[in-house]
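Going line by line, the protein sequences match chains W and C.
1 is the number of the first residue of the first sequence in this note's numbering; add one for each residue after it.
292 is the number of the first residue of the second sequence in this note's numbering; add one for each residue after it.
Think of the hints as simulated: they come from the structure by calculation, not from any bench.
Remember, predicted model here, so these are calculated numbers, not experimental data.
Glycine residues also receive a C-beta, built at the ideal position from the N, C-alpha and C atoms.
Don't take each hint at face value.
Looking from chain C toward chain W, a few residues come up when the C-beta cut is under 8 Å (computed) [claimed, not checked]:
#1 S322
#2 F328
#3 G329
#4 V332
#5 E337
#6 I338
#7 M351
#8 S402
#9 T438
#10 A479
#11 Q496
Far from chain C, by Cβ distances over 12 Å, these chain W residues were calculated [to be verified]:
#12 V121
#13 R232
#14 L278
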Amino acid sequence: MESGTPAQSRFGADAVRKSPESGGEVVRLYLELARRSFQQQFAYRGATLAGIFVNGIFGIMIASVFLALYNSQSSGGMDDVQGWSKDQTITLVWINQSLLMTVYLWGWWEVTHNIQSGAIVNELLKPYDYFCYWLSRDLGRALAHSLIRGVPTFLTGIALFDVLAPETSARFVAFLVSIVLAVIVSFCLRFIVNLAGFWVLDYRGIAAMFTAVLNVLSGMLAPLAFLPDPVRIVADVLPFKAVIMTPNEVYLGQVPIWQGLGFQILWIGALVAIARKLMAIGERQLVVQGG
Amino acid sequence: MDSLFDMRADLTIAGRIAALRLRGQMQYRSSFLMQIFGNFVVNFAEILVLWSLFQHFEDMGGWSLNEVIFLHGLSMVMFSLGDTVTNGVQAVPLLIRDGNFDRTLVRPMSSYVQSMVNEVSLRHVGLLGQGLLLLAVGMATVDSEWTLAKTAYMLVVIVSGAALFAALFTIEAILSFWTVNSIEAVNAFTYGGSELGQYPIHIFQRGMRLLFLYVVPVGFMTYYPSLYFLDKPDPLGLPGFSPFMAPIAACVFCIVVGRGWTFAIRHYRSTGS
Numbered sequence: 001m002e003s004g005t006p007a008q009s010r011f012g013a014d015a016v017r018k019s020p021e022s023g024g025e026v027v028r029l030y031l032e033l034a035r036r037s038f039q040q041q042f043a044y045r046g047a048t049l050a051g052i053f054v055n056g057i058f059g060i061m062i063a064s065v066f067l068a069l070y071n072s073q074s075s076g077g078m079d080d081v082q083g084w085s086k087d088q089t090i091t092l093v094w095i096n097q098s099l100l101m102t103v104y105l106w107g108w109w110e111v112t113h114n115i116q117s118g119a120i121v122n123e124l125l126k127p128y129d130y131f132c133y134w135l136s137r138d139l140g141r142a143l144a145h146s147l148i149r150g151v152p153t154f155l156t157g158i159a160l161f162d163v164l165a166p167e168t169s170a171r172f173v174a175f176l177v178s179i180v181l182a183v184i185v186s187f188c189l190r191f192i193v194n195l196a197g198f199w200v201l202d203y204r205g206i207a208a209m210f211t212a213v214l215n216v217l218s219g220m221l222a223p224l225a226f227l228p229d230p231v232r233i234v235a236d237v238l239p240f241k242a243v244i245m246t247p248n249e250v251y252l253g254q255v256p257i258w259q260g261l262g263f264q265i266l267w268i269g270a271l272v273a274i275a276r277k278l279m280a281i282g283e284r285q286l287v288v289q290g291g
Numbered sequence: 292m293d294s295l296f297d298m299r300a301d302l303t304i305a306g307r308i309a310a311l312r313l314r315g316q317m318q319y320r321s322s323f324l325m326q327i328f329g330n331f332v333v334n335f336a337e338i339l340v341l342w343s344l345f346q347h348f349e350d351m352g353g354w355s356l357n358e359v360i361f362l363h364g365l366s367m368v369m370f371s372l373g374d375t376v377t378n379g380v381q382a383v384p385l386l387i388r389d390g391n392f393d394r395t396l397v398r399p400m401s402s403y404v405q406s407m408v409n410e411v412s413l414r415h416v417g418l419l420g421q422g423l424l425l426l427a428v429g430m431a432t433v434d435s436e437w438t439l440a441k442t443a444y445m446l447v448v449i450v451s452g453a454a455l456f457a458a459l460f461t462i463e464a465i466l467s468f469w470t471v472n473s474i475e476a477v478n479a480f481t482y483g484g485s486e487l488g489q490y491p492i493h494i495f496q497r498g499m500r501l502l503f504l505y506v507v508p509v510g511f512m513t514y515y516p517s518l519y520f521l522d523k524p525d526p527l528g529l530p531g532f533s534p535f536m537a538p539i540a541a542c543v544f545c546i547v548v549g550r551g552w553t554f555a556i557r558h559y560r561s562t563g564s
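Throw the hints in and build the complete structure from the sequences for me.
Right, here's the structure in full:
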């Protein structure tokens, strides 16, 4: 574990954990965690440039595929498919490519590794809340990624394609808020799936299922409106949508701002409750080898 | 440097090492099956979305769903083969970073073959199976006649495409002899190339087309041969022999990358420590 945890004797940690610290101190701790995780992302300059390049290439490809579909030869071109205009779909493609790293859908298994290595025992002794520890780190990471990966990718899209601007500045602000909420929903989902490590030894099957479900039901691959009705109806009420689709709908004006943000907030409430409950159950039956 | 005779001896030993590595992997059968299953699910979801899109749109640049599925299958088969044979080569950057590559150079065996069998994994055979399935579905559903010549040429094309992707993965390893910074950019051509190969190339903008035809010739592996297989017209108007360029383009690309590997080995300086 990196620094960022206050110096504390491990033996006294349990006592500290039970006695709530002053509110200000707790907030400062989590802010510090977020700040360090934020800074960490700037260390890999080469990887960042490479990542922007890859996101750009994929954005161009996916956008071109949708353009070819809208301009299909036998139809002579259409501009409204399932309530989605050509420009709206192209905008979604670039928002999705730009959000990709910020919401970090793939490959975050730190909690599972923590459980499997047994390191979680030490983590649980430390004087902070395990869930909030990772959440604050994830928020710091997300802010960095949105700046160094999201913004350049979106600008690439604007430069090369007809990406729409939000209709009002209120919508743009709501979009930014919606991204923050999307990161929290994404974090909760990832945290919950990570907790599977308490019960299964090989998480890769679960990881792949999770990726497949997220890719389709979040709207990452295509707007949900293009999916078959039964799938779309289910996807419309599930939390996956809050990670990708909702920020898009808020940006494009397809949903009242408060409805979009409200949907995300409701799911955050539910997912935090589920994550904490599962964490408590897992903690209780945790068996670690060695010592 | 290596004579042909040495090369043959090398390959026999390499084959034995590869078999051993596979046997080791099979000791974790459920883990292995889990990975295959996982890859299958992720790709299946993507095909489901493709199918959904074609429920609302008529065609993609004049290509039907079945034709695009054929292209998907072809590209996936090539990619998974190229990926599988270079699993060990893809691990070279890690070896270099940790200073573990040096031992490769003191062993009496071609450094490339050694790297290849350094890690052998069948985790992507799921992708291969799926690619073959899509290819079969595509072949069965498109209206074009499958002659012996077409089938024979398809085998040549698959080998060529697999070699191209293997070479692309090797570029990443070559770059890592100088820097491990930003070599992820090559992903745009490996994973990006396989993605692009799944669609008719004429739907892309000029810059992308030139890049993926003349720099990284993915288009000559998937799209152009498919024009011949599926009897499709060429909206880009390239010469009539273009569908048959796959083996030549792959050869040229592999020779260049092979030179790069030799150059890299000669200029390798260990990280020490």
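For each hint, the structure was consulted:
With 8 Å as the threshold, the beta carbon of S322 of chain C comes within range of chain W, its nearest partner Cβ sitting at about 5 Å, so the hint holds. Look at F328 of chain C: its Cβ gets to within about 6 Å of chain W, closer than 8 Å, so that hint holds up. The restraint placing G329 of chain C at the interface with chain W holds, with a minimum CB-CB distance near 3 Å, inside the 8 Å limit. At a threshold of 8 Å, the smallest CB-CB gap from V332 of chain C to chain W is about 4 Å, leaving the interface hint in force.
The interface hint given for E337 of chain C holds, since its Cβ lies 7 Å from the closest Cβ of chain W, which is under the 8 Å cut-off. With a cut of 8 Å, the hint placing I338 of chain C at the interface with chain W is violated, because the nearest CB-to-CB distance is about 11 Å. Taking 8 Å as the C-beta cut-off, the interface hint given for M351 of chain C holds, the closest approach to chain W being about 5 Å. This hint is violated: S402 of chain C has a C-beta 25 Å from the nearest C-beta of chain W, more than the 8 Å allowed.
Taking 8 Å as the C-beta contact cut-off toward chain W, the hint placing T438 of chain C at the interface is violated, the least distance being around 27 Å. For A479 of chain C, the suggested interface contact is upheld, since its CB lies about 4 Å from the closest CB of chain W, less than 8 Å. Hint status for Q496 of chain C relative to chain W: holds, with the closest Cβ pair at about 6 Å, below 8 Å. Non-interface status of V121 of chain W relative to chain C is upheld: no Cβ of that chain comes within 12 Å, the nearest being about 25 Å off.
Not every C-beta of chain C lies more than 12 Å from that of R232 of chain W, the closest at about 9 Å, which undercuts listing it as non-interface. Here L278 of chain W stays apart from chain C, with its beta-carbon at least about 22 Å from theirs, past the 12 Å limit.
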